[in-house]
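> As a plain string of letters, each chain reads:
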Amino acid sequence: MSSSSYGRPAWLGKPKPVAVALRGLALLLICAVVVFPFLTVVSTSLATNRQINANGGYVLWPDSVSFAAYREVFDGTQVGRSIVISVLVTAVGTAFSLLCTVLAAYGLSRRGSLFQRGLLGYVLITLLFAPGIIPVYLMVKQTHLLNSYWALIIPTAVSAFNIVIVRGFIQAIPQELFDAARIDGAGEWRIFFSVALPLSKAVIAVVGLFIAVGYWNNYFGPLLYLNDTSKWPLQLVMRSFVLQNSVTTTSSTLPGQAAPPAQSVQMALVVIATIPILCAYPFLSKHMSKGMLTGAIKG
Amino acid sequence: MAVNQALPRALRSLGGGRRSPNPPDAPATHEPPLHRAKSLLTRLRQDSPLLFMTAPAVIVLLLFTYVPLLGSVVAWMDYVPFLGFTHSQWVGWDNFTALFQDSAFWSALSNTFQITFLQLVLFFPVPILLAVLFNAVAMPMAKKFVQSVIYLPHFLSWVIIVALFQQVLGGGGVISRVLATHGHKGLDIMSDPSTFKLLLTAQGIWKDAGWGTIIFLAAIAAIDSQLYESATVDGAGAWGRFWHVTLPGMRPIIVLMLILRLGDSLTVGFEQILLQRDAVGPGAAEVLDTYVYFNGVVDGNWGVATAAGLLKGVVSLLLVLAANKLAHRLGEEGIYQR
Amino acid sequence: MNRSQLPQLPQLNRRSLFKGAAIAAVSGTALSSLTACGPGGGSAGGGGAPGTGKSAAMPTYVRPVAPKPTYPGNAAGVMDVYASFPLNGKRSVHAEVGDGKDFEFLAMTYGQPAPPVSGNAYWQLLNKEMNLNIKGTLIPSGDFQTKFPALVAGGDLPEVVSVPMYVQLSRLPQLVESEFTDLSEHLAGDAVKKYPNLAGIQESGWANAYFDGRIYGVPRSDPIFQTLIYTKTDVIAKAGADPQPKNLAEFTALAKAVTDRRAGVYAFGGTDSGVPLANTLMMMFGVPNKWTKKSDGSFVSYFDHEQFIPSMDAIAKLFKAGYFHPDAPTMSKTQHDALFRAGKLVLMEEGNRAYGVVADDHALKFGMMVPFEKDGGKPLYWENSGAYAVTMIKKDAPKARVERFLRAMDYLSAPFGSYESLVINYGQKGPDYTIQHGTPVVTTRGQREMDLSIQFTVGGPQVLCYPQGTPGGDKLNWEWQTKVAPMFLKNPAVHLYSPTYDTKGASLSQHMNDAMKAVVFGRAPASSLKDAVRTWKQGGGDQMAREYAESAKKS
Chain C
1 MSSSSYGRPA WLGKPKPVAV ALRGLALLLI CAVVVFPFLT VVSTSLATNR
51 QINANGGYVL WPDSVSFAAY REVFDGTQVG RSIVISVLVT AVGTAFSLLC
101 TVLAAYGLSR RGSLFQRGLL GYVLITLLFA PGIIPVYLMV KQTHLLNSYW
151 ALIIPTAVSA FNIVIVRGFI QAIPQELFDA ARIDGAGEWR IFFSVALPLS
201 KAVIAVVGLF IAVGYWNNYF GPLLYLNDTS KWPLQLVMRS FVLQNSVTTT
251 SSTLPGQAAP PAQSVQMALV VIATIPILCA YPFLSKHMSK GMLTGAIKG
Chain Y
1 MAVNQALPRA LRSLGGGRRS PNPPDAPATH EPPLHRAKSL LTRLRQDSPL
51 LFMTAPAVIV LLLFTYVPLL GSVVAWMDYV PFLGFTHSQW VGWDNFTALF
101 QDSAFWSALS NTFQITFLQL VLFFPVPILL AVLFNAVAMP MAKKFVQSVI
151 YLPHFLSWVI IVALFQQVLG GGGVISRVLA THGHKGLDIM SDPSTFKLLL
201 TAQGIWKDAG WGTIIFLAAI AAIDSQLYES ATVDGAGAWG RFWHVTLPGM
251 RPIIVLMLIL RLGDSLTVGF EQILLQRDAV GPGAAEVLDT YVYFNGVVDG
301 NWGVATAAGL LKGVVSLLLV LAANKLAHRL GEEGIYQR
Chain E
1 MNRSQLPQLP QLNRRSLFKG AAIAAVSGTA LSSLTACGPG GGSAGGGGAP
51 GTGKSAAMPT YVRPVAPKPT YPGNAAGVMD VYASFPLNGK RSVHAEVGDG
101 KDFEFLAMTY GQPAPPVSGN AYWQLLNKEM NLNIKGTLIP SGDFQTKFPA
151 LVAGGDLPEV VSVPMYVQLS RLPQLVESEF TDLSEHLAGD AVKKYPNLAG
201 IQESGWANAY FDGRIYGVPR SDPIFQTLIY TKTDVIAKAG ADPQPKNLAE
251 FTALAKAVTD RRAGVYAFGG TDSGVPLANT LMMMFGVPNK WTKKSDGSFV
301 SYFDHEQFIP SMDAIAKLFK AGYFHPDAPT MSKTQHDALF RAGKLVLMEE
351 GNRAYGVVAD DHALKFGMMV PFEKDGGKPL YWENSGAYAV TMIKKDAPKA
401 RVERFLRAMD YLSAPFGSYE SLVINYGQKG PDYTIQHGTP VVTTRGQREM
451 DLSIQFTVGG PQVLCYPQGT PGGDKLNWEW QTKVAPMFLK NPAVHLYSPT
501 YDTKGASLSQ HMNDAMKAVV FGRAPASSLK DAVRTWKQGG GDQMAREYAE
551 SAKKS
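These protein sequences, in sequence, are chains C, Y and E. Be aware that the first sequence starts at 1, since it is given in this note's numbering, and climbs by one per residue. Be aware that the second sequence starts at 1, since it is given in this note's numbering, and climbs by one per residue. Be aware that the third sequence starts at 1, since it is given in this note's numbering, and climbs by one per residue.
Hints listed in this document are in silico derivations from the structure and should not be mistaken for laboratory results. Hints may be right or wrong, so weigh each one.
Pairwise CB distance ranges (calculated) [unchecked claim]:
no.	chain 1	residue 1	chain 2	residue 2	range
1	C	Leu39	Y	Leu330	39 to 45 Å
2	C	Phe67	E	Thr233	30 to 36 Å
3	Y	Trp90	C	Ala26	56 to 62 Å
4	Y	Leu330	C	Phe67	55 to 61 Å
5	Y	Gly84	E	Lys399	53 to 59 Å
Even for Gly, the Cβ is constructed at its ideal location relative to N, Cα and C.
Turn these sequences into a full structure, and let the hints steer you where they fit.
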């Protein structure tokens with residue numbers, strides 16, 4: 001219902017003030033429940049260690065703002081470089097994965113097409129049975145993807161879950177639209193590009209976001225497949241950052257070395273790791289509310 | 001253009017959901033009955049573009065899922081990485097019987113199903129309701145803001161979420177401290193085995209309910225506003241519009257998501273549970289994944305871990321088939337048509 | 001505090017290592033004994049290469065030349081303690097180390113990815129000093145058990161592999177015999193003298209490098225002290241209590257005196273090492289170090305000791321009395337440290353190494369509690385296994401290569417106070433460290449660069465030198481060590497091999513950990529431990545006892 005994003009449609013009439021108030025209250029409550037913890041994370045990242053210690057680990061509002069944690073995160077570390085790697089892997093990976101997903105979803109959407117049932121079953125089985133870590137590692141090695149960024153992209157590019165969802169939306173497109181195009185003599189590729197694709201913008205944006213977040217958060221693939229630490233993406237660098245604090249590596253025995261990162265640094269990392277993916281959201285959300293009608297008429 | 005002429009009727013049928021007027025076993029009207037009679041060659045020529053489109057996904061799955069799945073033979077082996085598949089010993093069904101004979105395995109399985117059940121009842125509807133609520137917000141700015149904000153928790157890791165819950169609800173948390181200063185006994189929600197599963201569900205809702213709205217918002221967006229208009233003309237109020245237009249329009253996706261969730265019944269928040277397991281003990285908190293972790297992974301018993309994975313697959317398969325059948329009964333497409 | 005040094009073993013725990021996600025670490029580290037296969041340990045499991053027969057002699061120990069310590073250590077395990085840093089050390093390696101060729105190593109890291117060699121002064125300096133081209137495969141500490149088996153299965157291990165001893169790797173002895181070079185001819189007996197710094201590694205370290213009677217690697221020594229209780233003396237003084245109790249009653253009185261629920265101050269927090277206070281209380285109750293070897297050669301588990309259940313019951317009583325922080329069951333390490341610093345936790349059970357954490361903060365007034373017996377009798381203290389890691393060389397390396405790798409390890413094992421030790425632990429003066437008040441202080445850049453982690457792979461005895469910590473802290477620590485050393489009790493099974501432990505140990509430990517926690521946190525009566533121990537024994541504990549006895553007989 002795209003029209004509502006641009007103003008209130010006439011048919012809705014005047015809203016009841018009580019209903020509006022109730023809804024507003026509900027939204028406010030939901031926002032508060034979500035925002036407060038997040039505020040805690042941001043505040044803790046900006047607070048001084050003294051205040052954090054005094055508060056037992058977290059701070060709701062910093063007494064004085066300190067960017068020391070952020071400086072520490074970037075000072076001499078691989079974090080900056082790893083963000084670039086993560087952004088590139090996520091961008092290329094999302095494009096590749098989305099292509100595979102949408103094509104397959106359309107390819108499997110027409111009932112009764114050749115091998116459709118068999119192929120759909122083939123895809124669905126992968127939802128239920130997952131291979132072990134070692135066999136996948138050996139396969140990545142066999143395909144010469146070890147130590148390559150493609151090892152982060154290709155093995156996880158196709159998810160049955162995403163295919164099923166896109167396919168569900170494509171199947172919800174009125175069949176008449178496809179039939180009409182077919183009567184016009186359009187082939188499958190043309191129907192895909194002129195009917196299915198434009199009418200599935202919303203779900204493509206949604207699944208695109210799922211995929212992007214999946215690539216962005218993936219630390220396990222790089223852990224297994226990238227031996228060269230200079231190629232590590234943000235999540236893995238971040239993980240080592242956080243782990244480093246968790247173990248008391250202190251020793252004691254030799255002088256002069258700095259403290260492991262504090263709570264503030266961990267929180268700063270959370271903020272840093274969340275912002276780029278949040279930046280992707282507005283681009284995609286534009287398409288998410290794209291309704292059928294607008295799409296259909298343009299298409 | 002033909003497409004435009006076809007629209008109104010098409011959209012009306014969409015608004016009614018996929019509840020096709022035909023009984024589910026009858027062929028859908030749009031499917032030319034001739035199809036089956038055509039020769040394989042003709043069909044191949046006609047459908048080859050579809051096969052081409054599916055090919056990339058099929059190849060990736062073949063390479064990185066199916067071929068590695070052959071490695072599941074280690075479920076019948078005492079697999080040792082440095083000996084490899086060829087030199088490790090075959091042990092028959094030992095890995096499976098090791099699981100079946102352990103009462104802790106059954107207790108973990110029971111906990112897993114209980115948590116899945118709670119999540120289906122308490123968690124699953126939340127994103128749907130939220131999506132409907134957001135959709136009812138008329139102000140675009142407010143809508144956008146709320147939508148963006150509510151996704152945030154999804155990006156926090158469990159370690160942080162558990163710590164934040166503890167800060168509020170824990171025995172030394174904000175609420176307990178307030179109670180203590182007034183001379184009351186503190187809360188022990190975080191370490192009470194009897195309510196642990198509810199706690200898990202609540203944390204899950206907090207983290208992922210907002211994120212889960214995305215897909216349902218897209219489903220709502222796919223409903224044509226003309227349907228709302230005609231419903232209003234027919235005298236439907238806000239509730240009537242929700243009941244007769246929004247909900248039926250979302251139904252196929254809801255059913256799909258439900259089946260997918262059922263297929264994942266045996267997977268409940270591994271990391272989330274592992275982090276909190278010690279507070280309540282394995283009796284309340286051991287689930288299949290943590291059980292497999294302790295009894296397969298940490299000891300390097302790859303065979304046991306793989307056997308458990310296969311069992312999970314089989315159970316999921318049965319659940320998905322059952323759910324799919326139920327969907328067909330209700331006139332839905334489900335995940336796999338008959 | 002100092003990341004170039006190693007973590008205290010008992011503090012590693014499942015929960016904290018899980019930060020981030022997924023698979024990690026060791027379950028129940030506090031309980032699991034470290035079972036490397038010591039001299040004469042039998043290769044009892046299937047799949048191992050047939051033993052080479054003759055046991056290799058222990059490498060001859062030659063005390064390294066070191067600057068005179070302020071407080072001298074001793075053979076019993078007390079570390080040399082230096083109140084000031086000995087700069088301008090002499091070279092301990094005089095021969096050429098490398099030949100400009102590659103030195104590929106694998107190690108576990110607690111740090112982040114180090115900057116690449118092109119911009120890494122530390123790495124460049126090491127390359128130059130050793131005339132090698134160092135390349136590292138680094139596995140984050142929480143993920144070792146996941147990635148290592150994949151590398152093994154893929155045949156992708158580099159030539160030099162450092163295996164951390166406390167990460168339980170399934171079937172390690174067979175893995176070692178199948179993948180790595182028997183170094184006995186280079187290291188056994190007087191042969192080690194060819195590598196003077198390796199000869200400076202003590203027996204407690206070498207014992208970890210023996211598999212099936214042969215030497216397969218070079219150890220990284222670890223102090224043999226484990227946990228103790230750090231006391232927040234200022235809070236205790238304010239409460240008018242005694243920070244050094246002499247029996248359980250006084251210990252309980254101390255906990256009671258400092259706990260103030262309204263102020264949010266508690267005696268104990270949750271330790272990360274499995275069951276809080278378990279180590280402390282078991283030692284207090286005279287429970288032996290994991291296993292006891294009886295005169296007839298049979299082995300008895302400490303779970304079977306008559307004081308095991310009473311010791312757990314004692315913790316449960318402390319918990320029930322409210323002396324534990326309410327979040328103890330799920331408390332994270334970070335929280336725990338923060339609460340101790342903030343004075344909200346008064347008695348912190350931690351490793352000896354955590355000394356750096358407390359001594360770092362000059363404002364923090366702390367003491368180190370000396371162990372005692374519950375009724376004031378003769379106390380005992382569990383001895384650690386003596387090695388953090390063992391570094392091995394891949395099989396079928398030609399002799400010349402093996403010798404080159406050993407020369408590199410010799411360099412990396414340089415004793416404290418030597419020129420090389422400064423290079424390895426502090427890098428290049430300027431970019432990596434600066435001298436402040438006569439003490440080298442690592443710069444942020446240096447800290448990042450040293451995440452190369454090669455300094456964790458091998459090394460001799462450790463010393464305590466923390467001049468920038470709380471004044472007087474080093475003396476305090478030395479005195480504590482001196483008092484504790486006579487209480488040492490070894491785990492008789494520590495270098496013996498049990499195939500059952502190897503394949504079931506972690507899940508069995510987890511089982512006991514769960515049962516102990518249920519008792520400690522008041523979810524189950526202490527008597528429930530009887531059943532738990534029975535299950536443990538039937539599930540593999542009895543088998544382990546038999547295997548250790550057999551393994552011991554062979555040596």
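> Are the hints correct? Go through all of them and say.
Hints, one by one, checked against the model:
1. For the pair C/Leu39 and Y/Leu330, the supplied restraint of 39 to 45 Å holds, since their beta-carbon distance comes to about 44 Å.
2. Restraint check, C/Phe67 to E/Thr233: a C-beta distance of roughly 35 Å satisfies the suggested window 30 to 36 Å.
3. Taken as a hint, the range 56 to 62 Å holds for the pair Y/Trp90 and C/Ala26, whose Cβ atoms sit roughly 60 Å apart.
4. The hint said 55 to 61 Å for the Cβ distance between Y/Leu330 and C/Phe67, and at roughly 56 Å that hint holds.
5. Taken as a hint, the range 53 to 59 Å is violated for the pair Y/Gly84 and E/Lys399, whose Cβ atoms sit roughly 28 Å apart.
When held up to the earlier numbered hints, the structure conflicts with hint 5 and nothing else.
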